[in-house]
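There are 6 protein chains.
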Amino acid sequence: MSNRYEKGMEILKITNKDTIEEVFKELEDIAPDLGRFVVEFPYSEIYTRDGLDLKTRELITVGALTAMGNAETQLKDHINAALNVGNTPEEIIEVIIQISAYAGFPAAINGVKGAKEVFKSKNLLPLKK
Amino acid sequence: MSNRYEKGMEILKITNKDTIEEVFKELEDIAPDLGRFVVEFPYSEIYTRDGLDLKTRELITVGALTAMGNAETQLKDHINAALNVGNTPEEIIEVIIQISAYAGFPAAINGVKGAKEVFKSKNLLPLKK
Amino acid sequence: MSNRYEKGMEILKITNKDTIEEVFKELEDIAPDLGRFVVEFPYSEIYTRDGLDLKTRELITVGALTAMGNAETQLKDHINAALNVGNTPEEIIEVIIQISAYAGFPAAINGVKGAKEVFKSKNLLPLKK
Amino acid sequence: MSNRYEKGMEILKITNKDTIEEVFKELEDIAPDLGRFVVEFPYSEIYTRDGLDLKTRELITVGALTAMGNAETQLKDHINAALNVGNTPEEIIEVIIQISAYAGFPAAINGVKGAKEVFKSKNLLPLKK
Amino acid sequence: MSNRYEKGMEILKITNKDTIEEVFKELEDIAPDLGRFVVEFPYSEIYTRDGLDLKTRELITVGALTAMGNAETQLKDHINAALNVGNTPEEIIEVIIQISAYAGFPAAINGVKGAKEVFKSKNLLPLKK
Amino acid sequence: MSNRYEKGMEILKITNKDTIEEVFKELEDIAPDLGRFVVEFPYSEIYTRDGLDLKTRELITVGALTAMGNAETQLKDHINAALNVGNTPEEIIEVIIQISAYAGFPAAINGVKGAKEVFKSKNLLPLKK
Chain R
1 MSNRYEKGME ILKITNKDTI EEVFKELEDI APDLGRFVVE FPYSEIYTRD
51 GLDLKTRELI TVGALTAMGN AETQLKDHIN AALNVGNTPE EIIEVIIQIS
101 AYAGFPAAIN GVKGAKEVFK SKNLLPLKK
Chain P
1 MSNRYEKGME ILKITNKDTI EEVFKELEDI APDLGRFVVE FPYSEIYTRD
51 GLDLKTRELI TVGALTAMGN AETQLKDHIN AALNVGNTPE EIIEVIIQIS
101 AYAGFPAAIN GVKGAKEVFK SKNLLPLKK
Chain D
1 MSNRYEKGME ILKITNKDTI EEVFKELEDI APDLGRFVVE FPYSEIYTRD
51 GLDLKTRELI TVGALTAMGN AETQLKDHIN AALNVGNTPE EIIEVIIQIS
101 AYAGFPAAIN GVKGAKEVFK SKNLLPLKK
Chain A
1 MSNRYEKGME ILKITNKDTI EEVFKELEDI APDLGRFVVE FPYSEIYTRD
51 GLDLKTRELI TVGALTAMGN AETQLKDHIN AALNVGNTPE EIIEVIIQIS
101 AYAGFPAAIN GVKGAKEVFK SKNLLPLKK
Chain U
1 MSNRYEKGME ILKITNKDTI EEVFKELEDI APDLGRFVVE FPYSEIYTRD
51 GLDLKTRELI TVGALTAMGN AETQLKDHIN AALNVGNTPE EIIEVIIQIS
101 AYAGFPAAIN GVKGAKEVFK SKNLLPLKK
Chain H
1 MSNRYEKGME ILKITNKDTI EEVFKELEDI APDLGRFVVE FPYSEIYTRD
51 GLDLKTRELI TVGALTAMGN AETQLKDHIN AALNVGNTPE EIIEVIIQIS
101 AYAGFPAAIN GVKGAKEVFK SKNLLPLKK
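Residue numbers (UniProt numbering), protein chains in the order written: chain R, 1 to 129; chain P, 1 to 129; chain D, 1 to 129; chain A, 1 to 129; chain U, 1 to 129; chain H, 1 to 129.
Fair warning: there could be bad hints in the mix.
[Said to hold, decoys possible] The calculated DSBU-like cross-link candidates involving lysine-lysine, where the alpha carbons are at most 35 Å apart (straight line), are:
1. P:K17 to R:K113
2. H:K120 to H:K13
3. H:K120 to A:K13
4. U:K128 to H:K13
5. A:K25 to P:K55
6. R:K122 to R:K25
7. H:K128 to U:K122
8. D:K7 to A:K17
9. H:K120 to A:K55
10. U:K25 to P:K55
11. P:K122 to P:K25
12. P:K55 to P:K122
13. D:K122 to D:K7
14. U:K17 to D:K120
15. H:K17 to U:K122
16. U:K113 to R:K55
17. H:K122 to D:K113
18. D:K120 to D:K55
19. H:K25 to H:K13
20. P:K7 to D:K113
21. A:K122 to A:K7
22. U:K55 to U:K13
23. H:K7 to H:K25
24. P:K55 to P:K13
25. P:K128 to P:K113
26. U:K120 to H:K17
27. R:K25 to A:K120
28. R:K120 to R:K55
29. A:K7 to A:K113
30. P:K13 to R:K120
31. H:K113 to D:K7
Keep in mind that the hints were calculated from the coordinates and are not lab data.
Hey, can you work out the whole structure from these sequences and the hints?
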């Protein structure tokens, strides 16, 4: 196991400790290297960089995946991660609502549905306000 | 409740009277303002504008969502709305078939699948021709 | 030349008589069959179908290409075609504005910019209202 | 039945013999012409062209659909087709992994998930590596 | 002029004071209402909401537009806005680099090119590190 | 300079020897790490993998970027690379034409335009057939 892998796993244990096993297990017998790349590139080389904290990074990923609208599972993983690194559910919803202006209402509504599943599983609903 | 909200709700009662409650209920405890924005912006400010009738507007939305291919639920809602404002199932299918030339066959086939679910639930199948 | 080709060219002479030569000329020495496919499939087999008139079909294409946001030249060709088959500039702008709700404001603003180039070249500006 | 239809069906019997019936059945009572267009255009006019063999063509389609990320069913059909024309599961996974660089990790991971379903149904897992 | 319009213009004067005139001028003779909607909806109703500060909001928009990859002008406007509300060029670049993992390297490289134009026009290059 | 970087540069010298300098120069004063990531991840870790040769890999990238339709510069770079590793212009055009079925005609036509620029600069036009 490389240094890069270990460095990436340290971040993943903070951001996605509850779902990471499942993703790797799913890739194990078919494309284990793709799992390794995810650890070694985004988590080891991007999320560890100075200049933006993990809280902001996860909000940005939530916004981007909501806008793209074609990665429901990963969006939920990153909503989860956004909570794990200290964002409030209300902040996450603000990001998703904002995306309606840039990628349209369907993308934003689907983003909220993803958030709802994650928040419900963590007993975070109803939100304040 | 603002004037804009009421104006938007009048349109929504015409276009989506059977699904609107459910969408708002889903947003209620997590992002009620997003539901309000949908009423106050597209329905109140766009669908009420002169220059295009509701029949044409709903066909255009069906075409756009089919092309984008990442908003299955909303596509079905608008196929439903397209029927509610007076389009025939055959006209809706024409729109979806046409999209194959601009966004490819997978997008069009998935659009037809969405239409099939809506038409089936309203006993509109098989189509003429 | 096949029947299908001739049938498609008849439509293209109505919708895009001013730009069609240029598209074919561009494809001539590199992918002439792609030009032939455009004539024989969308124009011959889709735009000639019953169930939607050319006016509505071109508005739907304008809406879809505005939403996709990655085909500026083709969007302008279809804005042009939409005019050629009898739509007013105001109707075309209504379509593009409506797309803001489904694909976001940047897509709609870029659609309007495309329309502006086409309308300007035909001395159609400023629009009424 | 046209010549073009028959020519396309010959290819489809090679690439998708196990799923083709189902697709056509689904379109039968709602948009049979869309099914016919799929046979007559991509399968009859594109996949029969010289210059690329079916093996390479199916890998390219798998790559494109993985990158687009909004056509899960069709991606699985083409992963299946890629196997049917002689690609190994390992080659298909290489294509999908490569897409991570051009369309991001979520698209690639979702592509692998699609491949996993197809490979599993054919008892091809675990892959060699 | 409505309250909503004035409220939105106050934000726009902070975020885009140097480019806003131009956008409105471009829309003036063709789709002035689209300009009004931009002021009244995203700027008046979203960017004024509690829960996220303007600094974070602009980074999220930069990330989303980089990921979508089809709105170069608007991306540059929001890179500009991100600077205007207090983000450093380095933070903006971090956002764009991060998007490579979710939407691929081409999207990220094109985002950097947009940033380069904006930073150059403001004499912010070379960046530190 | 890491081993991974050197390994990636060896591939890049084969695929993009004529454009690579320019890309790195453009990133140098603003996001040099993004350039490094491109070398170390896709070129070092993906393009060097067994299971697909460079010829096939570059065709797949051309297909994916044509389908996505929002990365004109990178598409041209990879069309160039596809030639550099031994594909004929005719094979590249076959890939792009095939994409019309999956991402629509505008994407394919824009792909051909990109190819035309590259082929022209190398005196490869007109193509055979």
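Hint check:
Simply put, P:K17 and R:K113 have alpha-carbon atoms about 21 Å apart, close enough for the 35 Å limit, and the pair holds. This hinted pair checks out: H:K120 and H:K13 have alpha carbons roughly 22 Å apart, not beyond 35 Å. The hinted pair formed by H:K120 and A:K13 fails the criterion: a straight-line CA distance of about 39 Å is larger than 35 Å. Of the pairs offered as hints, the one joining U:K128 and H:K13 holds, with about 29 Å between alpha carbons and a cut-off of 35 Å not exceeded.
Restraint check for A:K25 and P:K55: the C-alpha separation of about 30 Å stays at or below 35 Å, so the hint holds. For the given pair, R:K122 sits about 23 Å from R:K25 by alpha-carbon distance, which is consistent with the 35 Å threshold. In summary, the hint linking H:K128 to U:K122 is not supported, as the alpha carbons are separated by about 49 Å, beyond the 35 Å threshold. Distance hint between D:K7 and A:K17 is fulfilled; the C-alpha atoms sit about 33 Å from each other, no more than 35 Å.
Straight-line distance between C-alpha atoms of H:K120 and A:K55 comes to about 29 Å, which keeps the hinted pair within the 35 Å bound. Under the criterion of a C-alpha separation no larger than 35 Å, the hint pairing U:K25 with P:K55 is consistent with the structure, at around 32 Å. Restraint check for P:K122 and P:K25: the C-alpha separation of about 23 Å stays at or below 35 Å, so the hint holds. The hinted pair formed by P:K55 and P:K122 meets the criterion: a straight-line CA distance of about 19 Å does not exceed 35 Å.
Restraint check for D:K122 and D:K7: the C-alpha separation of about 28 Å stays at or below 35 Å, so the hint holds. As the CA atoms of U:K17 and D:K120 are separated by approximately 27 Å, the hinted pair is consistent with the 35 Å bound. With a C-alpha separation of about 33 Å, the suggested pairing of H:K17 with U:K122 holds against the 35 Å cut-off. Between U:K113 and R:K55 the CA atoms are separated by roughly 26 Å; this keeps the pair inside 35 Å, and the hint holds.
For a cut-off of 35 Å, the pair hint linking H:K122 to D:K113 stands: about 34 Å separates their Cα positions. Between D:K120 and D:K55 the alpha-carbon distance is near 21 Å, which keeps this suggested pair within the 35 Å criterion. The suggested pairing of H:K25 with H:K13 holds, with an alpha-carbon distance near 15 Å, which does not exceed 35 Å. As the CA atoms of P:K7 and D:K113 are separated by approximately 30 Å, the hinted pair is consistent with the 35 Å bound.
With a C-alpha separation of about 28 Å, the suggested pair A:K122 and A:K7 falls inside the 35 Å cut-off, and the hint holds. Using a Cα cut-off of 35 Å, the hinted pair U:K55 and U:K13 holds, with the two alpha carbons roughly 15 Å apart. Between H:K7 and H:K25 the alpha-carbon distance is near 20 Å, which keeps this suggested pair within the 35 Å criterion. The hinted pair formed by P:K55 and P:K13 meets the criterion: a straight-line CA distance of about 15 Å does not exceed 35 Å.
For the proposed pair P:K128 and P:K113, the alpha carbon gap of about 17 Å is at most 35 Å, so the pair holds. About 27 Å separates the Cα atoms of U:K120 and H:K17, which keeps this hinted pair within 35 Å; it holds. Of the pairs offered as hints, the one joining R:K25 and A:K120 holds, with about 15 Å between alpha carbons and a cut-off of 35 Å not exceeded. Between R:K120 and R:K55 the CA atoms are separated by roughly 21 Å; this keeps the pair inside 35 Å, and the hint holds.
At roughly 32 Å between alpha-carbon atoms, A:K7 and A:K113 fall within 35 Å of each other, so this suggested pair holds. A threshold of 35 Å between alpha carbons decides the hint, and for P:K13 with R:K120 the separation of about 30 Å falls inside it, so the pair holds. A C-alpha spacing of about 26 Å is found between H:K113 and D:K7, which places the hinted pair at or below 35 Å, so the restraint holds.
In summary, the numbered hints that this structure violates are 3, 7.
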